[in-house]
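Could you slot chain B onto chain A? The hints should help.
Protein chains in written order, with the working numbering: chain A, 1 to 420; chain B, 1 to 1155.
A couple of the hints might just be wrong.
Stated by the list, open to error - Chain B is nowhere near these chain A residues, computed Cβ spacing over 12 Å in every case:
{"#": "1", "residue": "10"}
{"#": "2", "residue": "73"}
{"#": "3", "residue": "76"}
{"#": "4", "residue": "329"}
{"#": "5", "residue": "330"}
{"#": "6", "residue": "333"}
{"#": "7", "residue": "344"}
Said to hold, decoys possible - Capping the alpha-carbon separation at 27 Å, the derived lysine-lysine pairs in DSS-like fashion look like this:
{"#": "8", "chain 1": "A", "residue 1": "135", "chain 2": "B", "residue 2": "85"}
{"#": "9", "chain 1": "A", "residue 1": "413", "chain 2": "B", "residue 2": "350"}
{"#": "10", "chain 1": "A", "residue 1": "303", "chain 2": "A", "residue 2": "277"}
{"#": "11", "chain 1": "B", "residue 1": "386", "chain 2": "A", "residue 2": "21"}
{"#": "12", "chain 1": "B", "residue 1": "50", "chain 2": "A", "residue 2": "135"}
{"#": "13", "chain 1": "B", "residue 1": "80", "chain 2": "B", "residue 2": "43"}
{"#": "14", "chain 1": "B", "residue 1": "43", "chain 2": "A", "residue 2": "413"}
{"#": "15", "chain 1": "A", "residue 1": "410", "chain 2": "B", "residue 2": "350"}
{"#": "16", "chain 1": "B", "residue 1": "180", "chain 2": "A", "residue 2": "21"}
{"#": "17", "chain 1": "A", "residue 1": "413", "chain 2": "B", "residue 2": "427"}
{"#": "18", "chain 1": "B", "residue 1": "431", "chain 2": "A", "residue 2": "193"}
{"#": "19", "chain 1": "A", "residue 1": "388", "chain 2": "B", "residue 2": "350"}
{"#": "20", "chain 1": "A", "residue 1": "211", "chain 2": "A", "residue 2": "400"}
These are computed hints drawn from the structure, not numbers from a lab. Just so you know, even glycine gets a beta-carbon here, dropped at the ideal spot from N, CA and C.
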Amino acid sequence: MIHSLFLVNSSGDIFLEKHWKSVVSRSVCDYFFEAQERASEPENVPPVIPTPHHYLISVLRHRIYFVAVIQSEVPPLFVIEFLHRVVDTFQDYFGVCTEAAIKDNVVVVYELLEEMLDNGFPLATESNILKELIKPPTILRTVVNTITGSTNVGEQLPTGQLSVVPWRRTGVKYTNNEAYFDVVEEIDAIIDKSGSTITAEIQGVIDACVKLTGMPDLTLSFMNPRLLDDVSFHPCVRFKRWEAERILSFIPPDGNFRLLSYHVSSQNLVAIPVYVKHNITFREGSSQGRFELTLGPKQTMGKGVEAVLVSSQLPRGVLNTNLNPTQGTYTFDPVTKLLSWDVGKINPQKLPSLKGSMSLQAGASKPDENPTINIQFKIQQSALSGLKVNRLDMYGEKYKPFKGIKYMTKAGKFQALLSN
Amino acid sequence: MSASSAFNDEKGGSSNVGEPEYGHDPASGGIFSSDYKRHDDLKEMLDSNKDSLKLEAMKRIVAMIARGKNASDLFPAVVKNVACKNIEVKKLVYVYLVRYAEEQQDLALLSISTFQRGLKDPNQLIRASALRVLSSIRVTIIVPIMMLAIKEAASDMSPYVRKTAAHAIPKLYSLDPEQKDCLIEVIEKLLADKTTLVAGSVVMAFEEVCPERIDLIHKNYRKLCNLLIDVEEWGQVVIINMLTRYARTQFLNPNMNESLLEEGGGEKAFYGSDNDDDTDDEEDKEEKEKKKTEATAIVKRKPYVMDPDHRLLLRNTKPLLQSRNAAVVMAVAQLYFHLAPKAEVGVIAKALVRLMRSHSEVQYVVLQNVATMSIKRRGMFEPYLKSFYIRSTDPTQIKVLKLEVLTNLANETNISTILREFQTYIKSNDKDFVAATIQAIGRCATNIGEVRDTCLNGLVQLLSNRDELVVAESVVVIKKLLQMQPEQHSDIIKHMAKLTDNIQVPMARASILWLIGEYCEHVPKIAPDVLRKMAKTFTNEEDIVKLQIINLAAKLYLTNSKQTKLLTQYVLNLAKYDQNYDIRDRARFIRQLIVPTDKSGALSKYAKKLFLALKPAPVLESPFKDRDHFQLGSLSHLLNAKAGGYQVLPDWPEAAPDPSVRNVEIEEVITSSEGRIGLLGDTREVPEWTKCSSREKRKEKKADKPFYSDSEGESGPTESADSASDTASGSESGSGSEESGSGSESEESNEESESASEEDEEEEGKKKKKNVEKIKARKPVPESESEPSSGEDVKKSEKKSKPRIGSSESESEEDNDSESESSESEEEESEEESEEETKKKKKTTASKPPSKPPKKENKKEKKEMSLLDFDDFDPAPSPSQVTPLNNFLSSSLVTDLEGLSLTDNVLSPTTIIPSGNLKTYELLHRITGEGLSVEYCFSRQPFSPDPHMVAVKIQFTNSATSEAKSLHVEDAKLQSGMRIKEFPEIEVLPAGETVSVVMGIDFCDSTQAANFQLCTHTRKFFVSIQPPVGELMMPIFMTENEFKKEQGQLMGMNEITEKLTLEEKCQGEHAVVQRVTTAANLSRVPCGSDKECSPPVPPPPFPIHRFAGKTVTSGSLVLVSVVTKEDGAAQLTVNCEKMVIGTMLVKDILQALTQ
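Excised from the complex, chain A in its bound form:
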């Protein structure tokens, strides 16, 4: 399976290596660097690179390439999924997964990698088990460790690995028992230049933060479970129960986890929460172009649209822009031609707009490229699909937990095509 792992930063330095079988020389990464040079963008490095004796499978997260060295046939997704799991674990442990964080915690990183794979085959990937084995570093613990010489390796033996609920550690205790669930929906859409929707779909997740004592058994039911078209579960969810009753029944892992991701059935028409009006003209031969963009809310169920951010890659012919936002700030980078406008909250009474002129390269003809606008926004306290949690019940423990559910809608890949 996975032979070795190299971490490569954006400047092409290997800053960590780990071997699970015999040592593979780091020169194997030269093939990777070659591919990296050939790719125009960092994300265009092919995830799988064959070399004469090995195969390199890599993922790019947080501007770090995680390059796994494989020697024989293995499902590539197996490796990719595992590498992402590694990154998630690092993020979970150190808050961020940057080169600096990894270098600062190199011993913990090494211990984690040692536990996660045995002879290249995944061994313990559940964060609850890992935390039992290796305690995540905190500032306090680091200080205490240096003074007392105690360790961040768990002293207890990890019984979780033996348990039938391997995702939950045993003996959890909290004074405040809380369970929070965030229903977060992302809307992906492509809007064409006339404002009609080409595609729109809603993907949602339910992220949970459960801090409950003992072995609670939770059930979560929805008012309208039929909305959910395609779901994927955390392994803790009892599949049969869902099939039969559309109820989520599970013994939760301790701490943060993603309970469920879902897709809202495509039969339901997706309400697009914002609209874009625009008028962008490039005149042939002229060195001036006009730019006009107005945003407005649409079908938001009375909730405000917040944190709106508009960005667009303008054609290469645009030298500079001179625009006036009615609210928020805008920037234009003449080198990358990236226009970004931080709008903030949309006020339905006074719609935000961005107007002005663009100076174009003299003599250049009308650009062929069709710029697109990417829009980001958030709508608090509302799930666009209308999904509602009905109730959350706990069995198996005596105390009364505090329960909270939050809804949020975000723009995923929300694009509007512009005419020219």
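Using the frame of chain A, we list chain B on its own:
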């Protein structure tokens, strides 16, 4: 847990206050600038007796290793600390050791004894970790030690240690391939392991060491299928991939019929159809048979019936499409793609489309696979077309793949939308992507005739694009398109010829010139003119254009030398003095070739052939075509090249190999005779396990059982996996383990392998029949072996720790009996008889009231059985009436005793219910049914083809004057998840006659009605069957203790209590029992208190009646208890995980008791 406390003692044993220079975080910057000079102090620190110093040093060393610095010279100093008590130091030393042991073999040996000690540790986690490190040390000299350790660990009682052993197998194999044979033995042993923890790891070992030994899987196949859902996700991937390969060798192609039909037409001519025995419909098939062997022919003659094991695999993997792990989803998807019947493959599309939301690397791999799949099964992804639309933010490699999929999905109906999408793509910034789009348009044009012109026109317009790449790509694509349809050449070539005036992109000009040259005969007037223009501008052209001008000139000279002779000469002369030597060379070469001179050799005769040879049209087909000969989802598929260690996905076999190899019953027999040592080993270990493995762990396991059992797959296997420890835990007696053990078996054989086990049963039946006779003669063959051990059993069962041998023996024995009975009736049937009919027979015989055989027979048996569970054999408190409440054992005992002529299997204690007790419901009234009246009742017998179905007995009475023909079920409209197993069609029902059939309905544990049409040869009637909640369950046997334990776990919301007042006539025990069991299909839990305990306890003042059952579909426990008090006051408690069922059941029972 003595060991762990030992670890605890050590922590913080010393403090490092006062060593400020080492106090800083070792991993921070300082380390990265550290150099070799500091090795000296590292050695000192390692030699010190302070743990904190050692830890500090080890951290720095590990940081060096992480950076790829060489730290091997510290080996002696580090290895000394291998026995260090501080757990973190120890772990870091392990890391170091594993990294450098290979380089310092001799020194590494010093550490071995520590691990050997660890292997004997009472704590399973320490044993496991010792084995893990030991096996990771790549030192050849310790191979024998490793082998020994693995062998020992493979029979460790802790599943975690066994898992570690499985992990160690590939390590040893890569170190010393000579050990293969020994390792295969260990693998074989571990494959038989019944725990989910081990399954994934051992299959991984199997794949690395002996993937070719597919025969090892047979006996474990069903178990693996059933365990699959509970295996950890990484193991699932490996198992699914392996099972895909397995299935390809063992089952028939489910799409065989289609492919046969496709081929059939062509072959028809070759083979005369003089086949005498006729299959009704498919002649082609018959013909194919002819050339095959006898055996094959028999298989082929039958219409394709999917092997139940094949179905099992498909069914058990399907829920995993919902996994969060992309690799698991992909594994299931490829399994379905390679194994499922065409009609069922569609389910994977949605899951794959979901994966496209994931990280771009995941998308990349998924899209590659979707691209391959979409060629073979385009329809599958068509509904998701829009999900493959491209976003400007996608990385180029994703865009190109999406484009590939879109192209594959294009057909007449959606091509216009796709082309519109393509038009927007062409305007993209990303030029590589634009080029790919143009290619894609070209492919759409070749594949779909209707849009060819539109595409061509669109492409021609692109020729005026400013972007060189776009133009070049368009020209190339146009060139390809034109080569395919010569009849349309002239128009477009003329158009393109005109473009030469405007288009400046050299590549495009060159391509146009090539086209004109190639098809100069189609444009005889224009071509010379173009050459004229080009000759004029020759000197100003780019090199590639110049070369094409020379080519054009040459071709024209050969076809139309009259008009172009001078022009050609002119061009060649210009080229002769060109600055570029390529052009000069070309000119010289061509001149020699085409202009006939005295000196010109033989070659010039063939000049025309050389230049005007028909060039093959480039094939515009997907690069993903035929990639599916690689197993999808594999690295080899992704690279389109065989990767090392890739196991070829075999083709379907012509004829299915014997399916009986997967039968586990046979294995049982084998193990009891030859695998004796293993079993004995188990018994020996049971107490040890009880002692050393933490008790609470097992409790936990028990507590969580409902959790697992409600996951797909009838809990049979899971339970049986636990059964060893369960029985050991003592609360259970023989009958309990029988339930789990034989339960899973018979479930498998009944449900999964309908047809497969049909034959076996028959065969077995014969065998068993002999056995039966032998039993009658008091000495059955298999039993004789267990005789001595069963003596021990007695004692053990008293101690409440029962070894497995006893149970498995009695199990199989009982199985045998029941099976032999059912097959006895079958035996006379000819082998050709259809399955359904046999089943019907079985049913009808089953419902016959059993004859009462003399009880004296088989006293020996009786004694033996009663030793396992004495009380069950006691005469029931209210002998005659309580019969319906029979629990398993008593009924099976009765079976045993009753001359082995009972006709139902062990799992149906309720068969003894007189059918008169069953409430019948009307399905179709005589008047609406035009003389046909239909009634149904819930027969309370297990539905043998599928234990998850409720058996419904349907009685047809034809009171009309004419006979009714072809009664059958049609067009079931079911709630999601519900299933129906129709009864076999009744061909004729003469007037005045009555006939009963049994059908199975899986109500999914809901009281939703099953709606379907009942059809006669003339009419259809809409009917529906709605089950009372009490019929959704089946009785199970439980002891009182078990009952209490389970009840304790179903508290809270799962418990519903009602108070009630019993009527006068309903206060007796008998009445209560009868009413409850009439209302719900439950079995009574024997009251232990009145006879079990050796010091007789006075019966409680208020008797408690307990009933147990489980729901048919999900197997959730249903526990009912009725406490009767003074004056008819009573309290009814229902515990059930399914609250809806519980509530309804309370209502029903309440009604039954108070009426």
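Taking the hints in turn, this is what the structure says about them:
Every beta carbon of chain B lies more than 12 Å from that of residue 10 (chain A), the smallest distance being close to 16 Å; the non-interface claim holds. Not every C-beta of chain B lies more than 12 Å from that of residue 73 (chain A), the closest at about 4 Å, which undercuts listing it as non-interface. The non-interface label for residue 76 (chain A) is inconsistent with chain B: the shortest C-beta to C-beta separation is roughly 5 Å, within 12 Å. The non-interface label for residue 329 (chain A) is consistent with chain B: the shortest C-beta to C-beta separation is roughly 23 Å, beyond 12 Å.
Remark: the non-interface label on residue 330 (chain A) is consistent with the geometry, its nearest Cβ contact in chain B lying 20 Å away (cut-off 12 Å). In this structure residue 333 (chain A) is separated from chain B by more than 12 Å, as the shortest Cβ-Cβ distance comes to about 15 Å. Every CB of chain B is more than 12 Å from the CB of residue 344 (chain A) (nearest about 23 Å), matching its label as outside the interface. Restraint check: the Cα-Cα separation between residue 135 (chain A) and residue 85 (chain B) comes to about 19 Å, which is no more than 27 Å; the hinted pair holds.
About 20 Å separates the Cα atoms of residue 413 (chain A) and residue 350 (chain B), which keeps this hinted pair within 27 Å; it holds. With a C-alpha separation of about 21 Å, the suggested pairing of residue 303 (chain A) with residue 277 (chain A) holds against the 27 Å cut-off. Among the hinted pairs, residue 386 (chain B) with residue 21 (chain A) is inconsistent with the structure: their alpha-carbon atoms are about 44 Å apart, more than 27 Å. Of the pairs offered as hints, the one joining residue 50 (chain B) and residue 135 (chain A) holds, with about 22 Å between alpha carbons and a cut-off of 27 Å not exceeded.
About 11 Å separates the Cα atoms of residue 80 (chain B) and residue 43 (chain B), which keeps this hinted pair within 27 Å; it holds. Between residue 43 (chain B) and residue 413 (chain A) the CA atoms are separated by roughly 56 Å; this puts the pair beyond 27 Å, and the hint is violated. The hinted pair formed by residue 410 (chain A) and residue 350 (chain B) meets the criterion: a straight-line CA distance of about 23 Å does not exceed 27 Å. With a C-alpha separation of about 19 Å, the suggested pair residue 180 (chain B) and residue 21 (chain A) falls inside the 27 Å cut-off, and the hint holds.
Taking the CA atoms of residue 413 (chain A) and residue 427 (chain B), the gap is near 19 Å; set against the 27 Å cutoff, the hint holds. Restraint check: the Cα-Cα separation between residue 431 (chain B) and residue 193 (chain A) comes to about 22 Å, which is no more than 27 Å; the hinted pair holds. Among the hinted pairs, residue 388 (chain A) with residue 350 (chain B) is consistent with the structure: their alpha-carbon atoms are about 23 Å apart, no more than 27 Å. A distance of roughly 12 Å separates the Cα atoms of residue 211 (chain A) and residue 400 (chain A); the hinted pair therefore holds under the 27 Å criterion.
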